[in-house]
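Sequence order for the protein chains is A and B. Residues in the first sequence are numbered from 1 upward in steps of one, following the working numbering. Residues in the second sequence are numbered from 1 upward in steps of one, following the working numbering.
Each hint should be verified, as a subset may be incorrect.
Same chains, same label: a pair holds when it works inside one copy or across any pair of copies.
To be verified - Subject to a maximum C-alpha distance of 25 Å in a straight line, what follows is the list of computed DSS-like cross-link-like pairs (lysine-lysine):
#1 LYS326 with LYS154
#2 LYS333 with LYS68
#3 LYS68 with LYS327
#4 LYS68 with LYS326
#5 LYS213 with LYS452
#6 LYS286 with LYS327
#7 LYS450 with LYS333
#8 LYS380 with LYS213
#9 LYS307 with LYS452
#10 LYS380 with LYS340
Just so you know, these hints were derived from the structure itself, not from any lab.
2 protein chains.
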Amino acid sequence: MVATEKPGSRDTGQGLANRETDFPGWYNDVVMRAELAEDAPVRGCMVVRPYGYALWENMVANLDRRFKDTDVVNAAFPLLIPQSFLLKEAEHVEGFAPEVAWVTVGGSEELQEPLAVRPTSEAIIGPIMSRWIQSYRDLPVLLNQWCSVFRWEKRPRLFLRTAEFWWQEGHTAHATEQEAEERTRMMLEVYRAFLEEEMAIPVIPGLKSEGQKFPGALRTYTVEAMMGDGKALQAGTSHNLGDHFARAYDLIFLDERNERQFAWTTSWGMSTRVIGGAIMVHGDQKGLIMPPRVAPHQVVVIPIWRKDEEKTDVMEMVGRVFTILKKAGVRVKVDAAEHKSPGWKFNEWELKGVPLRIEIGPRDVQNSSVMVARRDRPGKEGKEIVGVDILTQRVADLLEEIQNSLYQRALDFREANTRHASTYDELKQAVDDRQFVDIFWCGDPACEAKIKEDTRATNRCMPLDQPDDTGKCIVCGGESEAHWIFARAY
Amino acid sequence: MVATEKPGSRDTGQGLANRETDFPGWYNDVVMRAELAEDAPVRGCMVVRPYGYALWENMVANLDRRFKDTDVVNAAFPLLIPQSFLLKEAEHVEGFAPEVAWVTVGGSEELQEPLAVRPTSEAIIGPIMSRWIQSYRDLPVLLNQWCSVFRWEKRPRLFLRTAEFWWQEGHTAHATEQEAEERTRMMLEVYRAFLEEEMAIPVIPGLKSEGQKFPGALRTYTVEAMMGDGKALQAGTSHNLGDHFARAYDLIFLDERNERQFAWTTSWGMSTRVIGGAIMVHGDQKGLIMPPRVAPHQVVVIPIWRKDEEKTDVMEMVGRVFTILKKAGVRVKVDAAEHKSPGWKFNEWELKGVPLRIEIGPRDVQNSSVMVARRDRPGKEGKEIVGVDILTQRVADLLEEIQNSLYQRALDFREANTRHASTYDELKQAVDDRQFVDIFWCGDPACEAKIKEDTRATNRCMPLDQPDDTGKCIVCGGESEAHWIFARAY
């Protein structure tokens, strides 16, 4: 607490790469310095550190509740998938085979059949589900699994692209195609609501093009978010698998007329990648800004005193403030470490993105008030003195305000950086300006490929929310019935 | 609901193997028929089905809270461990190498160094922790990971022994040997409290013999439980790793005098195996009995009506009962399926071990009361009529009574089946009688091995709670300062 005793070498507020000129470097600095994650001593893999994992736990708890509200139940399926299973759905294996890690030796013996470390679990859950389904009465089956999956990754980036990542994968089976489509869209809506309401990340729900869909799917829906550098992040996907996997894995049931039918399946996933998204949407030059609803610590309390005779009173009030906030259900942390200065702690907790900081010094004790500082508003503008008697309500209100303000800021940013392009030159310019570009596209993969080659922008999605008009393909001039979003992407 | 419309072929109440004469067959039947788990189409692996996983989720939530109350934080470490890491602690690799599954191919290429699918994570968490620890100020580090691990298994049994299983593994590092020992014992106490208070499984906390300890540990503590057939189950272990792993993985810190010291580490784990334990401790000829505190459904409500005109009133009351119990925080399920008879449902939910059944028929509607039946007391003795106005309180009391009664019954059973043996013949007889046998043993591995060879009983532990006496080794007659428990075990 003594102001002179600073571990000064680590000036957290200023040591990050410049967010404006080196966004990727800034991102990596934030992830590492905020102790969210780091590279593992295993090729392409990451370690999710306790602070990052605490965020993930809050995300998991919330998303899990949302799944269960739609009657989904959790289960656990094997980590390893026999090669022959993976080979059964042709498009699926083509999409994933190059990225698979193979177990070939077990119990000191060469295996007869290699086992894949799951890259995703359609190929093992399909065959298992098929045992559980005999009649239409057994449907729907609504499953989810929380686990990690493994996809060999040549150019790993923490959270965004690592060989191992943590996620949930939902797998459902239905009696009708329509019901499967409804479930696919329902889970997309769960993702949208979760991302916008909890993560404060505005998203565009849309349909993926044929070229961008999940290997083996009939159609893939996505929620696309704009990062702080204008690039897109696919934040979650929901796949209508048609009867493709049901045919591959014999998911057959007897319908009400006692006739054999193939089931209709879906799968949908969201991963630790969203943590990377939250950093890139909300972070600033000082570091992270955690959305209050999922923040590991919503409030950090920092005692400030110089003389020993001040310490007792200050720490007594710190304890009191901690208790009333804790009782009110606020996730509050006290940083009372005496070998770090208050200024160092301010920087540290700003870097870690705690939404609200409460400072308590001798004068605050006298006035029975505290200084509250918002992470999302730097300087005096974000500071206010709050009486202890009204602190609980004020903290609740401020956390809500920050949550809404982060969302609104991100939405404003996206809207300011989204442009309709009518000509190919406009498209190129917009991509160069790091915008989301709204265009008419005819649906021809050749036109899509040309855009990618010329601009490095990929087809993000056909937004579900469509203006009531049609137009000409920006590449070939052919008829187009829908707007599509193109952008460079992670 | 129509009483004649029974899917009669599946008479769940009577189809289980005989628990008295074929305990293993009964166990397997219960696991399968209650839809807790099943064999996966991958050698030695299991699928944890939604009902089994719901139980595991309740266990995880409770245990996780208990860990966090002792300042443990969660994190996620890589699934795959480079071979060279595993080789660094000699005893550790010797213990686990024969059971390891190896990834040798990734991204379509032969790997330079094989990667182990983690059998446990000391060998990867050690090296990572060593990056995080510079000074004594960084200690203690108190980590936990929820994940699945993989150990090649020749004779798998659902929950008890499968190649893949789900668990938590705690890993901590400390500045002093004493602190590490205190943490080891603290986590053992967490396991004891969890097992006894939540799972209603009485356990004996004790020390493992040298021959039974974790590969690489200084000493291993265990909580041992008696199953319904008198055999022992090791339900959780907590290891003081000394400085063995710190030396292998360079866990070095600067102490207060700025001198380099090796850290002292611990690890501790509890797994889905405990689910198998709960089945074998509480189950009966009708199936499972779920301990109320962790039961996926604490109460099942079954409507009973014959004529359509009765249905409306009955279902209205069912809805009302569901709502008031739900509001009171009870995990309640309504089974209103009309293609199954009430009798079939009674059997089904008894098989699945739901602690309380509520039956609601037309007469109950008139009397504004319901029939409540306890799972743990068969027949009339366990049934009572309860007024709807006092239902919430009565249900809470009954759940508590069942929880306590399950624990007491298991404790009585264990005490009735534990015997002190003074002679080798007494020991052999006691093991034949499927008892826990309390003996004096000198500590010599040769005497321990002889007992195992002669009786198939293994050394379970030296109970922490010791009478104040000494004696002679039951095998060699040498001096013995402690009582030890021997028993056949899972």
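Evaluation of the provided hints:
For the identical chains of this complex, LYS326 and LYS154 are neighbours neither inside a copy (45 Å) nor across copies (50 Å), given an alpha-carbon limit of 25 Å. Proximity of LYS333 to LYS68 under the C-alpha cut-off of 25 Å is restricted to the inter-copy arrangement: shortest distance 14 Å between copies versus 30 Å within a copy. Taking the shortest Cα distances, LYS68 and LYS327 sit within 25 Å of each other only across copies (17 Å), while inside one copy they are farther apart (27 Å). For the identical chains of this complex, LYS68 and LYS326 are inter-copy neighbours only, at 15 Å across copies versus 27 Å inside a copy, given an alpha-carbon limit of 25 Å.
For the identical chains of this complex, LYS213 and LYS452 are intra-copy neighbours only, at 16 Å inside a copy versus 59 Å across copies, given an alpha-carbon limit of 25 Å. Proximity of LYS286 and LYS327 under a CA criterion of 25 Å is satisfied in neither setting, with 30 Å inside one chain copy and 44 Å between copies. Taking the closest pair of Cα atoms, LYS450 and LYS333 never come within 25 Å of each other, the shortest separation being 53 Å inside a single copy and 56 Å across copies. Within a single copy, LYS380 and LYS213 get their C-alpha atoms no closer than 48 Å, and across copies no closer than 60 Å, so neither meets the 25 Å cut-off.
When the C-alpha separation of LYS307 and LYS452 is checked against a cutoff of 25 Å, the pair qualifies neither within a copy, at 64 Å, nor between copies, at 67 Å. Proximity of LYS380 to LYS340 under the C-alpha cut-off of 25 Å is restricted to the intra-copy arrangement: shortest distance 23 Å within a copy versus 67 Å between copies.
The structure is inconsistent with the numbered hints 1, 6, 7, 8, 9, although it conforms to all the rest.
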